[in-house]
Amino acid sequence: RKEVEQDPGPFNVPEGATVAFNCTYSNSASQSFFWYRQDCRKEPKLLMSVYSSGNEDGRFTAQLNRASQYISLLIRDSKLSDSATYLCVVNSPNTGNQFYFGTGTSLTVIP
Amino acid sequence: GAGVSQSPSNKVTEKGKDVELRCDPISGHTALYWYRQRLGQGLEFLIYFQGNSAPDKSGLPSDRFSAERTGESVSTLTIQRTQQEDSAVYLCASSTLAGVATQYFGPGTRLLVL
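Chains as they are written, first to last, in my numbering: chain A, 1 to 111; chain B, 112 to 225.
Derived by calculation from the structure, the hints in this document are not laboratory data. Be aware that one or more of the hints could be misleading.
Unchecked claim - Which stretches of chain A does chain B cover? Using the computed rule of at least three CB atoms under 8 Å from a CB of chain B, they are: (1) 26-40; (2) 44-58; (3) 98-105.
Claimed, not checked - Chain B is nowhere near these chain A residues, computed Cβ spacing over 12 Å in every case: (4) E3; (5) P14; (6) A17; (7) N22; (8) N65; (9) Q69; (10) R76.
Just so we're clear, the structure is a prediction, and the values are computed from it rather than from any experiment. We put the CB at the ideal spot given by N, CA and C, even for glycine.
Whenever a hint applies, use it, and build me the whole structure from the sequences.
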């Protein structure tokens with residue numbers, strides 16, 4: 001089983017739509033969770049950390065479900081500029097201090 | 112402040128040649144990671160350094176790959192006797208603490224092995 005799994009999509013949504021991505025992780029000891037955004041031919045950039053109680057940053061909301069071992073990202077009022085690949089990142093404290101990246105979920109926001 | 116920088120930004124080489132890729136982390140960041148990303152694929156962990164501790168080399172795909180870091184500064188990733196399957200973007204990231212803190216990525220080095 002992969003350490004981190006994401007639905008690759010693609011998700012094609014109209015402007016203004018709400019879209020949600022999930023990511024499951026296999027290591028119950030994981031403590032640090034992030035969502036990154038990667039534009040085509042660019043490096044990944046941090047979108048937001050994911051906190052145990054859930055957190056919001058503008059149109060973006062991240063949630064953590066430890067019992068089911070998944071994290072989610074909700075994007076409200078989608079903009080054309082949200083089109084990108086969204087990467088789920090999870091640490092692995094009991095197998096070294098690596099981070100494991102999901103393969104990403106592709107989002108295209110359509111005018 | 113300055114972010115993570117990598118050089119060269121692009122490298123074209125012939126099969127069998129050695130290449131050296133450089134990463135300058137954010138000043139003060141004790142952790143430094145190298146990843147490989149093949150076209151259309153996810154990030155593949157290669158190696159990380161945390162301060163003066165022994166590096167975690169568990170992701171290096173073969174003994175043709177090696178990396179060094181001087182203290183908490185520059186790191187170089189060396190690929191010996193390059194193969195066509197080494198063609199990828201090599202990304203470097205740094206953070207204040209390995210395995211916990213946010214990683215900040217450099218722009219990557221695009222390597223093409225002919």
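Hint-by-hint comparison with the structure:
As drawn, the segment 26-40 of chain A meets chain B at 3 residues by the rule of a beta-carbon pair under 8 Å; at three or more, the given contact holds. Counting residues of the segment 44-58 of chain A whose C-beta lies closer than 8 Å to any C-beta of chain B gives 4; at least three are required, and the coverage claim holds. With 7 residues bearing a CB less than 8 Å from a CB of chain B, the segment 98-105 of chain A meets the requirement of three and the coverage assertion stands. For A/E3, the requirement that its beta carbon stay farther than 12 Å from each beta carbon of chain B is not met, with the minimum near 10 Å.
Under the 12 Å C-beta cut-off, the non-interface status given to A/P14 relative to chain B holds; the minimum distance is some 25 Å. Every CB of chain B is more than 12 Å from the CB of A/A17 (nearest about 25 Å), matching its label as outside the interface. Every CB of chain B is more than 12 Å from the CB of A/N22 (nearest about 16 Å), matching its label as outside the interface. Under the 12 Å C-beta cut-off, the non-interface status given to A/N65 relative to chain B holds; the minimum distance is some 21 Å.
Every CB of chain B lies more than 12 Å from the CB of A/Q69, the least distance being 18 Å, so the non-interface label holds. For A/R76, the non-interface assignment is confirmed: its Cβ lies about 23 Å from the closest Cβ of chain B, beyond the 12 Å cut-off.
Of the hints listed earlier, the one the structure fails to meet is number 4.
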